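Take a look at the letters that make up each chain.
Protein chains: 2
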Amino acid sequence: MAIVLMVLAGGLAALGTCNAAEAEKKIPAEDEKAIRQIVDTLESAWNALDAKTTASVFSDDAEFINVVGMQWRGKAAIEKAHAVYFELLFKNCKLHTDEVTIRPLGPEHAIATWVCTQDTFTTPSGSVVPKHQNRLTLVVVKGAKDGWKIVQGQNTRIDAEAARFDPVK
Amino acid sequence: MAIVLMVLAGGLAALGTCNAAEAEKKIPAEDEKAIRQIVDTLESAWNALDAKTTASVFSDDAEFINVVGMQWRGKAAIEKAHAVYFELLFKNCKLHTDEVTIRPLGPEHAIATWVCTQDTFTTPSGSVVPKHQNRLTLVVVKGAKDGWKIVQGQNTRIDAEAARFDPVK
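Heads up: the protein sequence lines correspond to chains A and X, in order.
First residue of the first sequence: 750, per the numbering used here; consecutive thereafter.
First residue of the second sequence: 750, per the numbering used here; consecutive thereafter.
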């Protein structure tokens with residue numbers, strides 16, 4: 750996924766149009782579409798309780814830190830964990846997307862930040878988690894073979910009470 | 750921060766040693782050292798209640814999602830938020846690093862995953878948060894001018910009770 754710009758004899762003039770700082774701030778429409786599709790897939794797969802499709806948007810060596818801080822390493826682990834929790838916790842817990850923002854870090858790396866609302870659910874120990882929002886970082890990389898995939902994801906529950914005291918807002 | 754590999758006449762042979770997939774799996778010792786230094790700085794700045802130094806390891810346009818899901822955009826916001834919370838919450842709350850793992854995503858992008866233990870503290874509403882661990886994703890990018898900086902960070906509290914039921918372990 751490294752960027753190899755081959756500057757051959759006579760091709761140096763092309764460098765004048767290559768501004769790395771500018772390139773990092775923009776993302777081609779097709780890349781943005783592909784990254785947004787990843788989030789759409791996560792949302793629809795969650796609502797269909799489909800762990801295999803959930804895992805399909807991750808790279809083989811992806812890592813995911815879930816909302817209670819567990820770390821799952823590799824696509825197979827991410828699929829297994831989702832399969833267990835879809836069955837155990839989330840059969841009647843739908844999720845919908847509130848906001849997706851995409852920040853490119855160069856032509857082959859980007860960060861999608863995803864805010865979603867999750868229905869109430871009950872933990873195995875009987876605690877009821879009310880309807881709430883989550884905020885996720887999804888680090889995505891464009892592979893030569895299989896396009897954009899998530900290489901790292903992390904989820905944090907938004908504490909609506911704490912948000913009232915956000916010192917920056 | 751884009752990678753520009755200039756292959757001039759006679760330099761094509763060098764391409765034979767440039768394997769992008771291999772390059773992604775390894776990280777030069779000096780880069781690893783610089784990234785570990787970022788985490789060391791975050792730890793020591795926290796313990797010194799030093800928001801300016803905390804912010805210094807972030808890029809100007811960095812974003813940070815804190816442990817309760819607030820999103821701070823830009824180095825100045827990250828500094829302000831830490832200054833407020835150091836004063837309000839964390840005067841007697843030390844933090845220490847348990848584990849840092851670094852996963853390169855190419856020569857100029859990497860992910861550091863940081864697990865740290867945080868002392869007990871009391872929220873403004875009077876809730877006592879016991880000593881616990883946090884797990885953070887830190888997305889770091891190597892800039893041409895100022896070296897490695899965090900461009901995105903996210904923090905999630907590790908729920909020790911939930912961890913007993915991790916379906917992958």
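These are calculated hints, taken from the structure and not from any lab test.
Treat the hints with care, since some could be wrong.
[To be verified] Pair ranges (Cβ atoms, derived):
| id | chain 1 | residue 1 | chain 2 | residue 2 | range |
| --- | --- | --- | --- | --- | --- |
| 1 | A | 833 | X | 845 | 18 to 24 angstroms |
| 2 | X | 775 | A | 779 | 27 to 33 angstroms |
| 3 | A | 797 | X | 829 | 25 to 31 angstroms |
| 4 | X | 809 | A | 916 | 15 to 21 angstroms |
| 5 | X | 829 | A | 777 | 41 to 47 angstroms |
| 6 | A | 916 | X | 875 | 16 to 22 angstroms |
Computed from a prediction, not measured in an experiment: that's the story for all the values here.
Note that CB positions come from ideal geometry on N, CA and C, so glycine has one too.
Each hint tested on the structure:
Distance hint check: the CB atoms of residue 833 of chain A and residue 845 of chain X are about 32 angstroms apart, inconsistent with the given range 18 to 24 angstroms. Distance hint check: the CB atoms of residue 775 of chain X and residue 779 of chain A are about 31 angstroms apart, consistent with the given range 27 to 33 angstroms. Checked against the hint of 25 to 31 angstroms, the pair residue 797 of chain A and residue 829 of chain X fails, with Cβ atoms roughly 42 angstroms apart. Between residue 809 of chain X and residue 916 of chain A, the C-beta spacing of about 19 angstroms keeps the proposed range 15 to 21 angstroms intact.
Take residue 829 of chain X and residue 777 of chain A: their Cβ atoms lie about 34 angstroms apart, and the range 41 to 47 angstroms is violated. In this structure the hint that residue 916 of chain A and residue 875 of chain X lie 16 to 22 angstroms apart at CB holds, the actual value being about 19 angstroms.
The structure does not agree with the numbered hints 1, 3, 5 stated previously, though it agrees with the rest.
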